[in-house]
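Protein chains in written order, with the numbering used here: chain A, 71 to 441; chain B, 71 to 441; chain C, 71 to 441; chain D, 71 to 441.
I should point out that these hints are in silico values taken from the structure, not numbers from a laboratory. Keep in mind it's a predicted model, so treat the numbers as computed, not measured. Mixed in with the good hints, there may be bad ones.
As the list makes no split between identical chains, a pair holds if one copy fits it or if it spans any two.
Using 27 Å as the maximum straight-line C-alpha spacing, the simulated DSS-like pairs for lysine-lysine come out as follows [as the list claims (entries may be wrong)]:
| hint | residue 1 | residue 2 |
| --- | --- | --- |
| 1 | Lys-373 | Lys-438 |
| 2 | Lys-373 | Lys-119 |
| 3 | Lys-163 | Lys-268 |
| 4 | Lys-325 | Lys-261 |
4 protein chains.
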Amino acid sequence: MSGNTFGKLFTVTTFGESHGLALGCIVDGCPPGLPLTEEDLQVDLDRRKPGTSRHTTQRREPDQVRILSGVFEGKTTGTPIGLLIENTDQKSKDYSNIKDQFRPAHADYAYWHKYGVRDYRGGGRSSARETAMRVAAGAIAKKFLQTVYGVRIRGYLSQLGPIKVEKVDWSIVNDNPFFCPDADKIPEMEKYMDALRKEGDSIGAKITVVAEGVPPGLGEPIFDRLDADLAHALMSINAVKGVEIGAGFDVVEQKGTEHRDEMTPEGFLSNNAGGVLGGISSGQDVIAHMALKPTSSLRLPGKSIDVNGDPVEVITTGRHDPCVGIRATPIAEAMMAMVLMDHLLRHRGQNADVKVDTPDIAAIARVKAQD
Amino acid sequence: MSGNTFGKLFTVTTFGESHGLALGCIVDGCPPGLPLTEEDLQVDLDRRKPGTSRHTTQRREPDQVRILSGVFEGKTTGTPIGLLIENTDQKSKDYSNIKDQFRPAHADYAYWHKYGVRDYRGGGRSSARETAMRVAAGAIAKKFLQTVYGVRIRGYLSQLGPIKVEKVDWSIVNDNPFFCPDADKIPEMEKYMDALRKEGDSIGAKITVVAEGVPPGLGEPIFDRLDADLAHALMSINAVKGVEIGAGFDVVEQKGTEHRDEMTPEGFLSNNAGGVLGGISSGQDVIAHMALKPTSSLRLPGKSIDVNGDPVEVITTGRHDPCVGIRATPIAEAMMAMVLMDHLLRHRGQNADVKVDTPDIAAIARVKAQD
Amino acid sequence: MSGNTFGKLFTVTTFGESHGLALGCIVDGCPPGLPLTEEDLQVDLDRRKPGTSRHTTQRREPDQVRILSGVFEGKTTGTPIGLLIENTDQKSKDYSNIKDQFRPAHADYAYWHKYGVRDYRGGGRSSARETAMRVAAGAIAKKFLQTVYGVRIRGYLSQLGPIKVEKVDWSIVNDNPFFCPDADKIPEMEKYMDALRKEGDSIGAKITVVAEGVPPGLGEPIFDRLDADLAHALMSINAVKGVEIGAGFDVVEQKGTEHRDEMTPEGFLSNNAGGVLGGISSGQDVIAHMALKPTSSLRLPGKSIDVNGDPVEVITTGRHDPCVGIRATPIAEAMMAMVLMDHLLRHRGQNADVKVDTPDIAAIARVKAQD
Amino acid sequence: MSGNTFGKLFTVTTFGESHGLALGCIVDGCPPGLPLTEEDLQVDLDRRKPGTSRHTTQRREPDQVRILSGVFEGKTTGTPIGLLIENTDQKSKDYSNIKDQFRPAHADYAYWHKYGVRDYRGGGRSSARETAMRVAAGAIAKKFLQTVYGVRIRGYLSQLGPIKVEKVDWSIVNDNPFFCPDADKIPEMEKYMDALRKEGDSIGAKITVVAEGVPPGLGEPIFDRLDADLAHALMSINAVKGVEIGAGFDVVEQKGTEHRDEMTPEGFLSNNAGGVLGGISSGQDVIAHMALKPTSSLRLPGKSIDVNGDPVEVITTGRHDPCVGIRATPIAEAMMAMVLMDHLLRHRGQNADVKVDTPDIAAIARVKAQD
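Starting from the given sequences, assemble the full structure and let the hints guide the process.
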């Protein structure tokens, strides 16, 4: 229950530093009987992997995951699934210059005050490298949700700095370096990123993630609402500074007559709620957005202090993502998958005996939309 | 650890429905020796209480809290603190008409699918009335943080529908019905709300909450970051659809050189981070914003369905807040207090032995600002 | 997750001191739709209640429980069930003499070192009075287990000081002041207790509790084994110093050929395991034993110290049970019910999709035994 | 919070099957700054290791542990410590004969009913091999407790089948294959075990574990009492069927005047309580006992059934411990260390501000005893 575990019934506990020997994680509570291979996890790991375009860091992280336990003869056994990624690209760089300095807007200063010690190599535990294990664990949740409940979880980049996407074409999301769903915006993004790299600066981004086919009833009032747990999950991703469900901050200026999603026997008439009513899934698409800050590792000098409190000027060399948001889509999907999975198991734990005759109007609408 | 408990070391578990016999809560893990009276809790309960201006619901909820345990001779004992508010204004209204209907944008439909049964009187457990206990519990956390660590937690209404506050004058926040910190905007808000009430519609709002004096080091990577737990806490409040830390969604368009909060021996030069770096408090003010949707209980008719899936037109009569955001400020403060309190106890549990010589530059800046 | 909550999905959180205003508890995670009345809880509370024979304390504790939430129109709603017992027999006794003394073998000295403060009236939070709320909460679990799964949980006094019961006649357990299942031993117990009361001394006891009809599959390896959680639950009862599952400490001298419970298509040939194999229920009766120490509140003087560390002689006056074990049977049943309930919900959360063709041989044996 | 995690602030989560690729564990919440090397863990792993005498299984398990994270430049960093032991002695044995059979008194039948699938190779997850990771994790807790608080945790075999130890000479415990503290009994045990091996049978045992120097104040009423968490911890070890604290089951026949540990300014006059009063440590030695059942893997045939419910006769070949208790001492120490460590962190989280003038009389007695 310490800070490196997520979930209550379906739990994910991770370990590992950026430049340590390995990253690992234990996925506990997965139902037995789910067909699972390392390849199932590798697909998402490869989507997150750096170095696949000129717009992300050029570090080589093969991120080859191994399943060490919990799977037997190709199926999960219900016992904990141990995952391991060994670190291979640990450049024996000289870190002595940054050892006693705090990089502005990094975790350095806060870690130091908390622990009095830190693994300064490549950010240590605060590195975004840690999210690789979330992606691997999330892939298990995604597979279960898809296989057993028909839930599909997908995300995309909805904004890159000033460039907002205007349409969502799912078919192209995985075929461009940005997870951008709007073909018209891709050239603009390419150009923007090229200029940014030249400047030496970085930029923020916004990611949207959507789960379709979520059964109504997931989420627990009061504190463990589905939306509250999603906010927790997404805000726990490095660099995230804001989370929205459905209409998000737009609700501030909405009137009640505009906001409320009216219902008919054929489905909801809108989805301002983002699929969550009173903290519980309504059957509509669960939609969340998150804002990622620009990378703080810049080669442009910044003011800071050292461990003695003396002023220093910090320049971060090395290979860094100019926009961490670019690789964040698979991470957002993974976190949403963990939340839905956990709540699905909790829901059937408490409410396995419940039967209602009321139709699931969102499911009706989905079927209709597919016709 | 089910959904009605918040926190890990300092835990708050609540019960109670809108029109049940009572609301209650158990606050566990409070350090012993803290002077505590019912009056300490009542102050914040009265700030949240409805019926104090024409802009909130006219329900009478005296919300008189009793401390049933955990306090002896005026001080906490370290054992669980039981709190109780008996419901007094339970109008024996006839609910038969809404019993089988789902109000659009309410929890009704989702609760029904989850539990197959619901207490439909006044929203039952999904009513915002439940937040009274959070305010009472949060007041205990606020008092401990203030008394032992000098942490001050305060909030205000930062936007009401289209009206944004432009300056923050803390001295007036508690003296107007909106918790508005900008005297110039109050007449505008009065006028807006009067018109809205006439229309029968409702409106969203935005609340900002700030904690000053938070020691650096609170929050646990990876999943239980301070910001992630704040997001969880604030998103768990009824009607909240978005949460931001510091610059929030503005980071999407910020460049790294703009976003990063540079450090000097005299303090940070900005606070885009909202007081949280790498998930851990930096010593700067912890700042969070949340968006609340407009009330869905409207006397203007809306389309919906009943338990059989048949179409109905719903009109909600009764006494409802046209803007739930107006009373939400004390709730946001309470939730932030719980999060900080929990993390403070967790931090000293793990890191009581840590000593660093590095100065707390935010504290230096605070002292300087007060001179 | 602090110390006053038990369980993971079905959770029970209690508050209240012996001489405070009230005892209370929140039962969270109960499935919806269970018919439940205050009378369902009162039955077990009355079995635990003191003052019903000359062998227990003559305190009057009507222990009238009220359900404050979570039940609507006679059925549970799935939301938290708030329970309250107001304290009525709070004699305004003068405690000034014991205020600064520690009674030997009581919690006084340890509480003082932990908290630096204690509610010394009647033992405060360390009083066995706290167990009333466990009995009330356990009754909810018992009812669900019985109603939905046909599980029956019953206990009895298996030893009173030197007097061991030799046969188990369930039909008489609730009809004598000791919960003794062996009619031949009752007169002996009466005599023993009368002599003890005259002496002013107290005595230990042993309780056995049995759950029949438990489905196979409950319990989670590795740490949350069913037997480990039972040990936790029973050892958490005041005065308990030992817990056994099945053959318990007798296994030390058993050989493997003697201990192993052989299996046939018609059932197990013995039950040394006490219904738990590898931490998971086997379908056989789950059997546990617990040892309760003699009450330490004696009118015979004992050596002790005061808060300054000076020697004192302590005499405890007032009304105390000479054998706390006598009233412990309903408490043991309640704790076993909570554990089974929690694991049942957890099990169906994770393993709802599991189907095996292998027969439940213990169920076969039970059916056969009833013929 | 699923079943493979132990603890609340200091948490241990394990994975791995007997014949899988590796065993692993994540230790979260360890305070930073603790000097730690793999050798620190290896010492206890080697004490637990099989094959070191003719009285334990002849399997070769080098059990070489690697620290993969959480330690930097020889000290813990406060981030999760990842541990890994790769399995090397995985004989490619043919398991097809036991695949569809359930061994009597094993976890097989219960796992099958729970999960509908099991890794039958060498017991899979239910194998005692899993306890290796507990020993490694416990060694971290032991080192912290010893280094920072001067707490020493040691155990011994107190009974082997019918042979009870009569005196405790700590100096010899680690120098004989049984962890026996009574030199006179060692030849008897040797002889007993040799005969047993010839028979092909197995035998139970009893282990005692003692923590000295525990500060008063650890443990949380009501449910997370120190003794309740110890019972949980010890009962979670494979084969354990009973747990006692202090006088344990002997309390059943004790009178109050005999049981109560009187106090004087120079210390307690006895320790029937086993160092725990009201669920909280008293400063005296914390003493626990546990009973381990005889191994069920026997070459003597036993009656059982197969997955179809048909009768079979089971013979277990292979290398098995005839007395699992022999190697259980380091495991018991590890579990006690985890419990004390967790409660120590929890205690200082809640009660860091507490100061009392009352002397710690047990510490006074310890100092005196050492003179």
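Outcome of the hint check:
1. Taking the closest pair of Cα atoms, Lys-373 and Lys-438 come within 27 Å of each other only across two copies (20 Å); inside a single copy the shortest separation is 58 Å, beyond that limit.
2. In this assembly of identical chains, the alpha carbons of Lys-373 and Lys-119 never lie at most 27 Å apart, being 31 Å within a copy and 47 Å across copies at closest.
3. Taking the shortest alpha-carbon separations for Lys-163 and Lys-268, only the intra-copy value of 24 Å comes in at or below 27 Å, while the best inter-copy value is 61 Å.
4. In this assembly of identical chains, Lys-325 and Lys-261 lie within 27 Å of each other by CA distance solely across copies; the values are 16 Å between and 39 Å within a copy.
Comparing the model with each earlier hint shows a violation of hint 2 alone; every other hint is respected.
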